[in-house]
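> Chain order of the listed sequences is A and B. Going letter by letter, the first sequence gives residues 249 to 532 in my numbering. Going letter by letter, the second sequence gives residues 4 to 739 in my numbering.
In case anyone wonders, no lab produced these hints; they're calculated from the structure. In this text, a Cβ means the ideal position worked out from N, Cα and C, and glycines have one as well. Honestly, I wouldn't trust all of these hints.
Which residues of chain B face chain A? A few of them, derived with a C-beta cut under 7 angstroms, are [stated by the list, open to error]:
id, residue
1, A265
2, P582
3, G647
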Amino acid sequence: MSITNLLQNWSDFRQQHPSDERPHQEYKWAMSIDLDLCTGCNACSVACYAENNLPAVGKEKFSHGHSHHWLRIERYWHNEDREYADQGAQFLPMMCQQCEAAPCETVCPVGATNHTADGLNSQVYNRCVGSRYCNANCPYKARYFNWYDYPTTADVWPAPMEQQLNPDVTVRGKGVMEKCTFCVQRLTVAKSNARTEGRSVHDGEVQTACQQACPTGAISFGNLIDPESRVAKQWEKQQVKLNHDKQAKDAVHDGDKLRGYRILENLRTYPSVMYLEQLREGAI
Amino acid sequence: MIENSFNRRDFLKVLGWGGATVALSGCGNTSVEDGREYVTSYVETADYIIPSIGTYFNSTCAQCDAGCGIMGRVREGRVLKLEGNPDSPINSGKMCGLGQAGVQAHYNPDRVREPLLRNGDKGEAITWEKALQLVSEKVASANPGSVAFLTGGVSGHVKVLLKNYLDAIGSDQHYVYEAVAPSVVRAANKKAYGVEMPRLRLDRAKVVVSFGADFLGTWVSPVHFSRQYAKFRKGVNGERGVLVQVESKMTITGANADRWLAIRPGTEGILALGLVNALSAAGLTVPAEVAAAVKDYTLDRVSNDTGVSVEHIGKLTALLKDRSPSLVIAGGAAEGYAHGSQNAAAVALLNQVLGNVGKTVEAPASMPFPQMAPITGNRSSLQALNDSIAQDGVKVLFNCGANPIYSAPASMNMKESLKKVPFKVAFAHYMDETAMEADLVLPLNSSMEGWGTVVPEYFAEGAQLNIQQPLMEKLHPGTLGMGDVLLALLKQRRPAEYSGYEDYYAYLKNAMVAIKGALGGENEDDDVFWDSVLSQGVVKLTSSSNALVSSASAAGLQLPPPAVEDGTYPLRLIPAVTPNMRDGRHANEPWLQESPDPLTTIVWDSWVEMHPKTAAKLGVVEGDIVEVASKNGAIKGQVYVYSGIHPDVISVPLGYGHEAMGRYSKGVGANAFKILDPVFDQQTGELAMYETRVKVTKAGKRVIVVKDEGPAGGNQSGRRIALRMASGKVNLAEEV
Numbered sequence: 249m250s251i252t253n254l255l256q257n258w259s260d261f262r263q264q265h266p267s268d269e270r271p272h273q274e275y276k277w278a279m280s281i282d283l284d285l286c287t288g289c290n291a292c293s294v295a296c297y298a299e300n301n302l303p304a305v306g307k308e309k310f311s312h313g314h315s316h317h318w319l320r321i322e323r324y325w326h327n328e329d330r331e332y333a334d335q336g337a338q339f340l341p342m343m344c345q346q347c348e349a350a351p352c353e354t355v356c357p358v359g360a361t362n363h364t365a366d367g368l369n370s371q372v373y374n375r376c377v378g379s380r381y382c383n384a385n386c387p388y389k390a391r392y393f394n395w396y397d398y399p400t401t402a403d404v405w406p407a408p409m410e411q412q413l414n415p416d417v418t419v420r421g422k423g424v425m426e427k428c429t430f431c432v433q434r435l436t437v438a439k440s441n442a443r444t445e446g447r448s449v450h451d452g453e454v455q456t457a458c459q460q461a462c463p464t465g466a467i468s469f470g471n472l473i474d475p476e477s478r479v480a481k482q483w484e485k486q487q488v489k490l491n492h493d494k495q496a497k498d499a500v501h502d503g504d505k506l507r508g509y510r511i512l513e514n515l516r517t518y519p520s521v522m523y524l525e526q527l528r529e530g531a532i
Numbered sequence: 004m005i006e007n008s009f010n011r012r013d014f015l016k017v018l019g020w021g022g023a024t025v026a027l028s029g030c031g032n033t034s035v036e037d038g039r040e041y042v043t044s045y046v047e048t049a050d051y052i053i054p055s056i057g058t059y060f061n062s063t064c065a066q067c068d069a070g071c072g073i074m075g076r077v078r079e080g081r082v083l084k085l086e087g088n089p090d091s092p093i094n095s096g097k098m099c100g101l102g103q104a105g106v107q108a109h110y111n112p113d114r115v116r117e118p119l120l121r122n123g124d125k126g127e128a129i130t131w132e133k134a135l136q137l138v139s140e141k142v143a144s145a146n147p148g149s150v151a152f153l154t155g156g157v158s159g160h161v162k163v164l165l166k167n168y169l170d171a172i173g174s175d176q177h178y179v180y181e182a183v184a185p186s187v188v189r190a191a192n193k194k195a196y197g198v199e200m201p202r203l204r205l206d207r208a209k210v211v212v213s214f215g216a217d218f219l220g221t222w223v224s225p226v227h228f229s230r231q232y233a234k235f236r237k238g239v240n241g242e243r244g245v246l247v248q249v250e251s252k253m254t255i256t257g258a259n260a261d262r263w264l265a266i267r268p269g270t271e272g273i274l275a276l277g278l279v280n281a282l283s284a285a286g287l288t289v290p291a292e293v294a295a296a297v298k299d300y301t302l303d304r305v306s307n308d309t310g311v312s313v314e315h316i317g318k319l320t321a322l323l324k325d326r327s328p329s330l331v332i333a334g335g336a337a338e339g340y341a342h343g344s345q346n347a348a349a350v351a352l353l354n355q356v357l358g359n360v361g362k363t364v365e366a367p368a369s370m371p372f373p374q375m376a377p378i379t380g381n382r383s384s385l386q387a388l389n390d391s392i393a394q395d396g397v398k399v400l401f402n403c404g405a406n407p408i409y410s411a412p413a414s415m416n417m418k419e420s421l422k423k424v425p426f427k428v429a430f431a432h433y434m435d436e437t438a439m440e441a442d443l444v445l446p447l448n449s450s451m452e453g454w455g456t457v458v459p460e461y462f463a464e465g466a467q468l469n470i471q472q473p474l475m476e477k478l479h480p481g482t483l484g485m486g487d488v489l490l491a492l493l494k495q496r497r498p499a500e501y502s503g504y505e506d507y508y509a510y511l512k513n514a515m516v517a518i519k520g521a522l523g524g525e526n527e528d529d530d531v532f533w534d535s536v537l538s539q540g541v542v543k544l545t546s547s548s549n550a551l552v553s554s555a556s557a558a559g560l561q562l563p564p565p566a567v568e569d570g571t572y573p574l575r576l577i578p579a580v581t582p583n584m585r586d587g588r589h590a591n592e593p594w595l596q597e598s599p600d601p602l603t604t605i606v607w608d609s610w611v612e613m614h615p616k617t618a619a620k621l622g623v624v625e626g627d628i629v630e631v632a633s634k635n636g637a638i639k640g641q642v643y644v645y646s647g648i649h650p651d652v653i654s655v656p657l658g659y660g661h662e663a664m665g666r667y668s669k670g671v672g673a674n675a676f677k678i679l680d681p682v683f684d685q686q687t688g689e690l691a692m693y694e695t696r697v698k699v700t701k702a703g704k705r706v707i708v709v710k711d712e713g714p715a716g717g718n719q720s721g722r723r724i725a726l727r728m729a730s731g732k733v734n735l736a737e738e739v
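Just chain B, same shape as in the assembly (with noise of 0.2 angstroms):
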């Protein structure tokens, strides 16, 4: 890491990269800014590179919005490798495959390199200051309410010039949609803890009971949870902890799991209560307004209408009761019912009867710039652009980290309703399925080009706030940053306010230095404060937090029974968000195509997944190609037979099958968000995910499903490879 503190703007010139060599231009020479460049020897650059040895740059991960801190090693003016920043509480040094793959996303061939504007099917190049200006004409010609924008998640100094920008317009439509976000469970987090999202703290718990959260590989905050699940497994005095996952569909925590438990799909809130009714009869206190609400959840009931063996709950109810704290939350597969807020009310309602709020759920670190604080939305979010549009509210929309033609569910027939909205910008990365419908498309630069602020949706442990910096210089020189853009938008706007910043840059560190008090920098130089920031990349704040609703309550809970089977379309689709994949957005890395799928070990494709009593009831076997309908839709794709799942569904993963993005992803898999049924959480509104019913039917072909496993399908065959044995033999406590 760099100490020293030096003049940013000659690191950016010495990162000058052009071609098969290197073009430095050294200290005086020249500047980036106008152009010329002068080669000069290495003999000559600054004091803080030598050539051949990496430099390391800390910055924070843009795959997800985890908001890990990293370290971009950074050689003779290129980024190579992407490491953990260790300083960061969220990831502590470490990184996942995701954030990894960045570099992929950051010199990826199919990165859209200079503003094009429609010219029928066509994009033209334009230049900037036509495309600023353009843009400018549109928006004064429009009726100011009628500007929208549309974002993925938000935070930091972005958002609070988005705001600026949507104030100085006189607009009020930002809407945010992530096509995958934990959202019912904020909801229900919020009526139950006062808080939508509690910290979790595993590393507490002795036993971790989750309803199809998949903390290790995909939920909210992984790299951070599996940190603290390492911890969890160590232990308190060798005690390890104990880890049941309840879902209808493996996910990779579900495989890490002591029992993973398949229940029939939707059933996760009547377990729970189940287990708060069995919990009361085994001598713990509940209240009685409680005990009085679960207790028809029998036991024999429970486990008719749930699936799990009546043995099982039994087991659990006293792993619960002995061994305290514990720690239960509800994840995807809880929330992704019509009834999906019921069942993480449910969950939440077993936490609090086992006491384990103010122990293992904890109130989290407030952000005490609330301006700068993340804003996520998810469909309901989309339905409301959506339906902006369709009463012709809609004139110019920006769109900026959402793909919505790709991601939302082809019943609200996207393509169509943007159709209709006469001049559409996409800031883009790639020619996206919404950027090919754009008539403008601005190309932005890569988080290892840019600069920016990040705000992370889940603190570790305080309030943090992230930096993003380049680690090179820019790529292709017709590319700009978001905050940039919004920047020179709003100097159109408000000159008074904004033109004094040169770029981006200068308001970002003008803004920060502002605030340098409340930063930790209270009695420091600005400039010595700056480079401290940026050296190390993460600024944690003083926050303080609120206590947490502890008291039970079961006011208003109302599960319905197990759902009926539909004759026409019998199974139910799970749309499984994968750790390479997600919502699709990194589809177009190769790295992640070809890291295989950790249950399936599936590469370079989607599949069918489902149990060998679905698979012989269909007559089908690995490698045969079926149909999976909805009555929305249908998709293609090869049957992959495996024991972890339940046979009332099939699971099909999302982020594959792109119609445009690029090279790695365009048409590989079949995109399962498309055949979604339109079914909601009764509460919230948000897409009910789980709710697709469909029936399966063999398309003819067979084919070899490419994947890494061998033929032997994860059977040691006899040998002694991977081992493994009983806990209560082995005391973690002697270990190294």
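Same shape as in the complex, but just chain A (with noise of 0.2 angstroms):
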């Protein structure tokens, strides 16, 4: 490929991402969040840590930011300069938004994280070098870097707490770059289960680790193709358009009634992940 080449088709080579002309073929993994039923519990964050053999890495590494929390949860304020934060909290989970034109993908030297037919962010830990460009190029500071060998590193599973690490998923080693996988390892029984039936996979057939702990069942997640799933439907309804940077929301303004929005959509990374905006009365 000449830079000639490169600069020409510039537009072809930023679209990797499936398009109107390309679309997806029979699965789009996609979520939603409903940041008014988000109560910032912290179990779907738990969940995650059974479910992917997440280290609990201790006081000392997290204070260096080594934590590995796969989905954490912001808690923002609004209270400007209030005396007290009077309407509450708002608590956002953030994982890996599974982004259509991932910025981590380009800048990846080789080729360890890259994008599935079904639209999922994937991250191939035998093939990462640990240059952690990817890293630095999410906005959503989404990954997170083997520093250490956690699985020989003191207390962190010690016997016999490895007995609980899940077999369906790799345990990273050191100088490997991790982060969420929308539990792919789910994914790929259900649609195996479902090829074997000869159908596709139907709404609800697999719950990711975060979704299905979640007590207000503020998460919901499926396949965006299918018109029939609750996601699909909750993104139709907000009409927010996967392959979009500029969303129905965007050009309406005081007065919308439109909640779905995706986190820094301007730099046209177009997540697969929408949020739905929290909710405060007036009349109080």
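Fit chain to chain and form the complex, with the hints in mind.
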């Protein structure tokens, strides 16, 4: 590929993600998170630790920014300069947004992170050389690097704690980047089962660990291609389009009725996670 | 879920796990009981086990007393993950972080693995045979009335066996101690409604006003209330429910409120009565007796006393009047004072005046088998034990599920008090502070290894009985279930009655089959019934419920004026119950230590929370180490400054600062239980948790607070990340 070719056909290369001309075939996994229902309880985050063999790194490593919470709850305040945070906090579950045009993918020198046919941003552990370019280029700070070999680090999985590890998920070694996979091990099983039975995965058949735990049901997950899936209906209702970087919501000012949005959409990352705005009552 | 019935013993055999390889004993080859094992190829596994495919077994979460139904994912003989049981009315398939960390309690490297007998400062490993022999000797040589049990909340068949054992030896000393329990609210509810804990229907309320009840995080049955909260927010016909939280220190529930009202500590009851008065003035029908009793609670006075603005009281009054039914809840922040009962009664009165009783406050289902109903207790029960010890009334003390040396206020001097008991037996999971003082430590099975039945403290729908069953073979051969120990002790006392049961499993099965008619298995074969019970994990019982008292009465309500400031100890300490740590019994589970506190995002440590005004007055900033001193002791901690707390109070989370227990909890943070002042609720005698007065002084050092939030501290710096809009703009009924 010559540089001339690259520059001349830039939009083609830029549009690696499926577009109107080149749609997803069978599956496009997507999520929607209702911030009005998220209470910030952290159940999703702990479920992720349990499902995906995440190490609890301890205070010192946490202070160095080495935590491994693929799904973290960000907590924001909207109280400006008021005396009290009297309209509460806002919690936001943040994980890999499985961008369609993922900034992390273009910078990986070894192609360890790339796009799957069903719209996931995958991380191939045994290809990763630990350059951490992807981490630097992720606007969501959703990637976590193994600075240590956690399986052999004291008190991470001391016997018999290692017996809890999920055999369906690789335990990562030192020097490897990792991140939320949308519980790809569960998706693989569901797809395989469906294929065996000669059908496609139907809505609700597969849940991510965070979605399954969430006590208020704030997270929904499913196949965006399937018009009957809850997640597709939610995206449709909120008029959020996967391959657009400006949505109907952005066109309307005050008085709009839509609360679906994607984070940092203006960066043209085309995330697969739609958030629904938190609501606050005006009468009190 | 397993639909087919199968032989329970075969199941246990297949779950044999040894070292790095899976030691499977196929049917007929051997038995786990006689200790012989053969390594058999997976080709010969039982029908229901497919290598690499997870099998789910239903059981009950034992991390708190809410009694959520769980499904354990079991693969190759190991339990890997806990998920919610969709058929359980309490949690409908959902789970909290605390519950999920149950697997870390089970696999914890710091578990006690064999019976330990005190020899000087050390514990010497002995056999169970010898241990039980010793127990029976000590019990036999003691005066029957001087054998006592101290437990946490207990229910189900273990409670029955415990009662029978105490009867058998002729003692009536059973003390129940839970360090954090809504006991004052229970007592106030009993007076106001006729029941200790009515069934709260958040899902039917249009407005919920919570006086410090952290129902989304820590209060009574958080996962159940979170399910209801979701329905409440979605609303009827798209009319989104409005949540107002009144408290002095923000809880996770407060963080989700449409309006969080910072109230001067202890004045919750005044605000409740002020609202009754304002509602009466706004035209709500209020009984004359009540109207007369609250007429002095004028808007200005209430605003002045509570620190809540006239504007907000006015808006709240209008909201409550216009949107009915509403629901008012009294929680930890209302009950934590010397007049806690009065605060809770005032809140109940507001509910009754609003006509919520029968609509959003319903009668709970009653347990048809009262002998299995949960027994609860709090500090006053522990005090009774202390008094009994002081009068030389306890010679043998069994302790199970309570850790008073850690969680009782220093003024009770539990450590010294327990020294006076000649023989102390601790049933322990970890070597916690109380187990460290025991003469004999008996290691218990984890909740994933043992059999049991659990009756939840709060029924979501009708009455129910939960099953606890092993999700895998025991990790450590030297542990035993509480039921098995009690059965062994009962066999010594009442052989005629109990020697027929080989183990607790046999007893449990027999006891359940004996009442199968009442459990919905009238026409079923015993084994079919038993298998279906195990497969479901939850038995729904037919139960009745009595009507609640709905008539409002202000008789006996006497609220003190707001407390005056103490010159030496100018601040009030709120010991915060956090969703991760609760009362500290799960502090040794690393997921919970590493899971950031929802509000401060701090991990692996405790902290001293204060308002920016307070911090400015004290001249401290985030990360300063300060000393928090009460009349009863002092602790140190790092300062965290934010505006979710009243300037008159500071807050330190409970559950940290263990001196024993294990590698993940020992020495992490400071123990706020220790400095609580001995002030008690005047009506119930329970500890008034929020009455401690403290002074805060800078202790010199400054540290970097280890927390998850970035340097911007919850400010989005103009970026559109977490968005919020007015609820009036959206019609939720139109949404998917």
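> Each of the hints needs a verdict: does it hold here or not?
Evaluation of the provided hints:
For A265(B), the shortest C-beta to C-beta distance to chain A is roughly 5 angstroms, which falls under 7 angstroms, so the interface hint holds. A distance limit of 7 angstroms between C-beta atoms decides the matter here; for P582(B) the minimum to chain A is near 6 angstroms, and the interface restraint holds. Interface restraint check for G647(B): the shortest CB-CB distance to chain A comes to about 5 angstroms, inside 7 angstroms, so the restraint holds.
Hint compliance for this structure: every hint is met.
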